[in-house]
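Here are the chains, one letter per residue:
2 protein chains.
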Amino acid sequence: MIQFRILAQDAETAARVCEIETPHGLLRTPAFMPCATQATVKTLTPVHLEELGVQMLLCNAYHLSLRPGAELVAQMGGLHRFMSWPRPILTDSGGFQIFSMAGLRTVTEGGVVFRSHLDGREIFLTPERSMEMQSQLGADIIMVLDECPAFPAEKAMARAAMERTLGWAVRCRAAHRREDQALFGIVQGSTYPDLRAECADRLTALEFPGYGIGGLSVGEGPDLMQEMIACTVERLPADRPRYLMGVGRPEDIVATVAHGVDLFDCVMPTRCGRNGLAFTSRGRVKIRNVAARAVGRPLDPACDCLACRRFSRAYLRHLVTASEVLGLTLMSLHNVRYYMRFMENMRQSILDKRFREFVEAQKEIPVEEREAD
Amino acid sequence: MIQFRILAQDAETAARVCEIETPHGLLRTPAFMPCATQATVKTLTPVHLEELGVQMLLCNAYHLSLRPGAELVAQMGGLHRFMSWPRPILTDSGGFQIFSMAGLRTVTEGGVVFRSHLDGREIFLTPERSMEMQSQLGADIIMVLDECPAFPAEKAMARAAMERTLGWAVRCRAAHRREDQALFGIVQGSTYPDLRAECADRLTALEFPGYGIGGLSVGEGPDLMQEMIACTVERLPADRPRYLMGVGRPEDIVATVAHGVDLFDCVMPTRCGRNGLAFTSRGRVKIRNVAARAVGRPLDPACDCLACRRFSRAYLRHLVTASEVLGLTLMSLHNVRYYMRFMENMRQSILDKRFREFVEAQKEIPVEEREAD
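So the sequence lines, in the order shown, correspond to chains A and B. According to this note's numbering, the first sequence is numbered sequentially starting from 2. According to this note's numbering, the second sequence is numbered sequentially starting from 2.
The reader is advised that the hints may include incorrect statements.
Each computed DSS-like pair below joins lysine-lysine, with the alpha-carbon atoms no more than 25 Å apart [as the list claims (entries may be wrong)]:
hint	chain 1	residue 1	chain 2	residue 2
1	B	K287	B	K364
2	A	K43	A	K287
3	A	K43	B	K287
4	A	K43	B	K43
5	B	K43	A	K287
6	B	K354	B	K364
7	A	K287	A	K364
8	B	K43	B	K287
9	A	K364	A	K354
I should point out that these hints are in silico values taken from the structure, not numbers from a laboratory.
Model the full assembly from the supplied sequences, consistent with the hints where possible.
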């Protein structure tokens, strides 16, 4: 189980600093969880992650149940031991992957039949089976199985998915066994404020120890996304953590924190890193660009990561253009550190009562680093 | 320039422990240099390499001259700074790559015309240009340009290549400018003992500060290779380091050390690691094998590397079968540590006057780990 404490509350917005105590230690929010989809944050060792200040990881029950299998992970002592990560872990139920990655699927009240994206094998996933898998994986926070409608969704479709999600939440709660794991509900409702509000209210009545906000960042755009977050969060209890699933860009996160959201996850820092895009204090840098060819400066002089402490842009560009794995590692490492420092600074600004300044300063960072810099 | 000191000499064989002092620090031999072909030991950071006990790296002038270019590396402060490796580096002249990887080539007394394996561009490499490139890269030990005949080679061909190698060695010596770089000659002569002896004698007369033994491990087999090494080394001066280029398996290295060879390099630990093959104190392990599926033990209980300290075989197998980069990193890291410990133990056995025991103990290690283990 988790303990949740609010340490500071911004005076002008709903932004807050909280502490979540889990069986694998404390974390401070607002917090960003890098994705360890297949029980590894792609290209990084757990030693790197500890040094980068990562507090908590997200793993995917969907991917891990297909390979290597949740039973095997349980046999190996659970996820923390399997991947040698001593700090907190959250597992996603697999809902999002089933609705975005899997092949042909059929959803019924009972559950969802889908085909594995790996071998086409047919799998029947029910709320009870999702709980069993997540119990085998052994994360500190686990999520209910939900139905994540695509965007745009007709209102009738959105309501049906919301009703199914609520029904599954009840069944997940009933099937939940391990007291050391905190089970979070998930708010759906597509882009309909009334559905979001209704879903949040009905989930709140079920008294989950925390709440996910799902079904966003699927093409609705940042304005509509923030609107949905606002109308969802205002219905959720203040004394429970709130987790925006699968988001996102630093600018999305800072706006969402202002609505009172505590937890985030996204593949962005690692995926962008592997694609040669670095986040810096002066804007984004495309390391493949010929402009970096003979640049002796690091990616970001304001960064304390290994990539910035020891290597030039010219070297990183060489690694990436020569398809060297070390390029993927150093770029991922840098971006994860950027996100961790971004969250640290945001937490500190709330504690220091200068969150507004932090928000303003973020707006000053250009999207792309300017040539002259 | 380098300083070379013999610290210990085995009583029964020509094995010895020596110290080489370079502008970037000391190393103890017999030493194995992991290959940092493109200015990176594939998948590993320099921090990993320092922790693994790596003393010296080999970089390829051929690869680096094509990408990112030796001029660029010079502009960035030389190889040590470019790749953030503070310890000694050796660069290969590119001879081996030109004769094994490059496309259509024409060899004349002047040099060799070849096509880049990257873009087909025609390049004329001369001994003088090789010296210029290696001077730009700035390694502590640099190699003469040599012609490396394929195996088997007709004797007339082997002699012609040897003569060319000797002629090029004279020109490299004349073109050699940087006093902080030690230029090593290279003995060729294919599998002809008389050519090997003649080449060694004529190179020795040129008084290089060290000698490479080239053109081996190209298909002649371990017995013929050891025979060639023996007849070469006995003609080389005892007070200069000897370097067997591109070799190899631990069993080849231990046999070669007994002939009095000091330096080695090979892609084996890293390439095998990336292919899922681990060297262990109980024999080689293929991590993809289903036998490793649910094994909670590490690769090698006798190993102190990160992969063995923190991960099970089951986890490594999961990473490798899921094509996760961390699998390549951990397997490479383990194999490099295996080689480093192997060399450390070999040096210590010579210092402790029990090299014979070390050799015998090595023979006890089965090629493949036995199932029951």
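For each hint, the structure was consulted:
1. At roughly 20 Å between alpha-carbon atoms, K287(B) and K364(B) fall within 25 Å of each other, so this suggested pair holds.
2. A distance of roughly 20 Å separates the Cα atoms of K43(A) and K287(A); the hinted pair therefore holds under the 25 Å criterion.
3. Distance hint between K43(A) and K287(B) is fulfilled; the C-alpha atoms sit about 22 Å from each other, no more than 25 Å.
4. This hinted pair checks out: K43(A) and K43(B) have alpha carbons roughly 16 Å apart, not beyond 25 Å.
5. Pair hint K43(B) plus K287(A) holds up; C-alpha atoms about 22 Å apart against a cutoff of 25 Å.
6. At roughly 18 Å between alpha-carbon atoms, K354(B) and K364(B) fall within 25 Å of each other, so this suggested pair holds.
7. Taking the CA atoms of K287(A) and K364(A), the gap is near 20 Å; set against the 25 Å cutoff, the hint holds.
8. Distance hint between K43(B) and K287(B) is fulfilled; the C-alpha atoms sit about 20 Å from each other, no more than 25 Å.
9. Distance check on the hinted pair: K364(A) and K354(A) sit about 18 Å apart at the alpha-carbon level, within 25 Å; holds.
Every hint, counting from the list given before, is met by this structure.
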